[in-house]
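Chains as they are written, first to last, in our numbering: chain G, 49 to 480; chain S, 49 to 480.
Heads up, incomplete: computed chain G residues facing chain S, CB under 10 Å, no partners named:
1. G67
2. G186
3. P188
4. L324
5. D340
6. L341
7. V342
8. V345
9. G353
10. V361
11. V362
Here are the computed distance ranges between Cβ atoms for each label pair:
12. G/K291 with S/R222: 19 to 29 Å
13. S/T435 with G/N74: 51 to 61 Å
14. S/S410 with G/S229: 51 to 61 Å
15. G/D226 with S/S394: 47 to 57 Å
In short, the hints are calculated from the structure, not lab data.
Glycine residues also receive a C-beta, built at the ideal position from the N, C-alpha and C atoms.
So you can see what is in the structure, the chains are spelled out below.
2 protein chains.
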Amino acid sequence: MKKQSIGVGLIGLGVVGGGVARVLKNKANILAEQVGCPLALRKIKVLASDLSRPLAKEMDSNLFTTDIDDFFASPVDIVVEAIGGENPALEYLKRAISNGKHVVTSNKEVIAKHGAELLALAGQKGVELGYEASVGGGIPLIAPFRRDLVANEIRGIYAIINGTTNYILTKMAREGVDFSSALKQAQKLGYAEVNPENDIEGIDAAYKLAILASLAFQTQVRPDDIYCEGISRLGSCDFRYAKELGFAIRLLAIAKRSNNSIEVRVHPVLIPQDSLLANVDGVYNAVLVEGDLVGKVLFFGEGAGAQPTSSAVVADIVSVAQRIVLGAGSKAGWRPKPGKNIKPMSDIEIRYYIRMNVADRSGVLAQISKILGDHKISIASVIQKETDNMAQTAEIVIMTHLAKEKATQLALDELAKLAVVKEVSNFIRVEA
Amino acid sequence: MKKQSIGVGLIGLGVVGGGVARVLKNKANILAEQVGCPLALRKIKVLASDLSRPLAKEMDSNLFTTDIDDFFASPVDIVVEAIGGENPALEYLKRAISNGKHVVTSNKEVIAKHGAELLALAGQKGVELGYEASVGGGIPLIAPFRRDLVANEIRGIYAIINGTTNYILTKMAREGVDFSSALKQAQKLGYAEVNPENDIEGIDAAYKLAILASLAFQTQVRPDDIYCEGISRLGSCDFRYAKELGFAIRLLAIAKRSNNSIEVRVHPVLIPQDSLLANVDGVYNAVLVEGDLVGKVLFFGEGAGAQPTSSAVVADIVSVAQRIVLGAGSKAGWRPKPGKNIKPMSDIEIRYYIRMNVADRSGVLAQISKILGDHKISIASVIQKETDNMAQTAEIVIMTHLAKEKATQLALDELAKLAVVKEVSNFIRVEA
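This is chain G alone, in the form it adopts within the complex (with noise of 0.2 Å):
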């Protein structure tokens, strides 16, 4: 039985929403050949302030309603949701998975929150949830999960995925200019926002971890299962010393199968100049995965922005249509399997690069290396740096060998309480 067309809802008409609409419009025919009969835009749900936008004025004004129970009353086959947040997009989601409709979203929010749920309710009603979109715009991510790695046991996951902060870091790194200048010239070009603090603390990027790392380990990782740190307390200096010992400064998010355990975390890291993740610069995003027959693979392209997010809400858009045409019964998600564990932030064993300013005599190294020492730290190398004649003080940076976070925090504490020590001024995670 051919389907004539396949009723697409829009919710939102923003950025993402926007272009999703563009898309569907512009490329009707080809879309139409692969899913085999028309998509149809049936209904957008928009604000009464959208109604004065160019793209709302060169399309029927039929399309548009601001009142969501006309929307839902709409014969829709799939309801795409545009709105990103929490509230009112879940309730949306909820709503129309309830009412037997196929979703796509683009909400990294919801689904690093509400995912497993949202699976779930799609799965007893026998409806496809995409969200492609939710992380890394338009790169493959989600279906590669879903379909290319299954046969893989993922033993890793690490990840630029915000496009914000990597611009920063990439600025501070080549033009050594401070945090917050890098921070003002963002904003300037549009790549931070007014208000900055989800993209620099890393709560975007724990979001998108937050839904990889449950697709990847098959678990229900929460965003506040994450350990999260951001990038404001990094000093130009620290790209100067990192490069010098042959590293970049990176804000990754991590996601490790460690025994029984697995580790997740967001943080500034140290990596080889070498490494492909030093060379992902500007405010692209790249994701390399380690599976274990797959070996590593790495996937790069543009984080954000209206038409590569298009493109990932378009395909799945695409995808549910083709099932729809196909008879095929809903592919299922993950399901979450228990027993798995969020493994402390206390216990992850790592590296450290350490900056401290310490007074400049004899005597102080030992001093330290006692401290370190006596917390099972070895030291794998230490540079003297800029000295203060006047202050009588040095800069000095310490390279760990994997030590433990919990007690490399104690040894920092100590550290600060020396006389000798005048501050420690940083410390930065490695990842070899």
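Given chain G, put chain S in place with the hints provided.
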């Protein structure tokens, strides 16, 4: 109606076939969970010589047959072809499809040469043809084109898809060795075959490009349509000069949309040192795709080997099996559209690096520039390199602006005939 199990038949127990058999055996539970019912390996077509392998001895001997008719008489839903080469693989695939079996193959040669025909046959018979493993080992490439990038008009593909040549080029660049000793090293490590022609002449890369370009442009690109040049004429000095100019040398497989035609070519290129592809070292593969919506996306990973290739083959098996379980019809592969022309190599426009050995006296450059000028080739930069005082010759390297291939080849012929030009030592195209 729930199936009790899905029968898999495997043709070939070599590197890929053996890898697939191991994964189906070792990961039976995980795969059954993904599919919704067990995957049962029911028959393996082997050569008599395979039976003495350790893997064969671990397995139930009833699984094996050396007789292809016996193989096809077994009750399987999915036939996996893992013998490689054109014949008899093509015949086996056709027979399987004609018998209404879904097929999965890792065979680049068969898909490059007969993909369109096999996909049409599969379409008629309502079965799936999975060929993810035919390009790039475990790197997801076919599925992203078929699913994730479906809303995009693909503008271009720039691919490092032959690990052997990339290993040799990396070695020549890093260690300053010449081609033949880098090749010997590659052979010693098992990265190059005893008869390495298919790899070093770009034939293997052309097969893979034919597969990707056909899919990306929905047209039939045959291996014979692809202009193909290998890496054997690269000298170690080319790497030195390229580096000085800020470039790396890579063997790229390129497919590009240009107006109403497409360019498809495999040849060594100079690419900027800081580009992502220039940082893909050793036996790794990477494919950069440009789409109108998604911008640039890059896929990177191991392009060969038993485990990565098994990862892709098993992903295809699971995907087909899921469709069987869900009772879905067959999803069409690409169907060639008429009217897409392959641009003749002589018509392409590109920049060139030209290395010549010339008489070390005044007026030489004037004669060279005149010939280039006559062919409307303008010089971007020229550097005089090593001088041989004894022979009174000098090496010069010219970088041109964009020029027509045809004009450049004519100019190179004329340059070679100049009395002051001892030798046109090399030319390499430049992708910026």
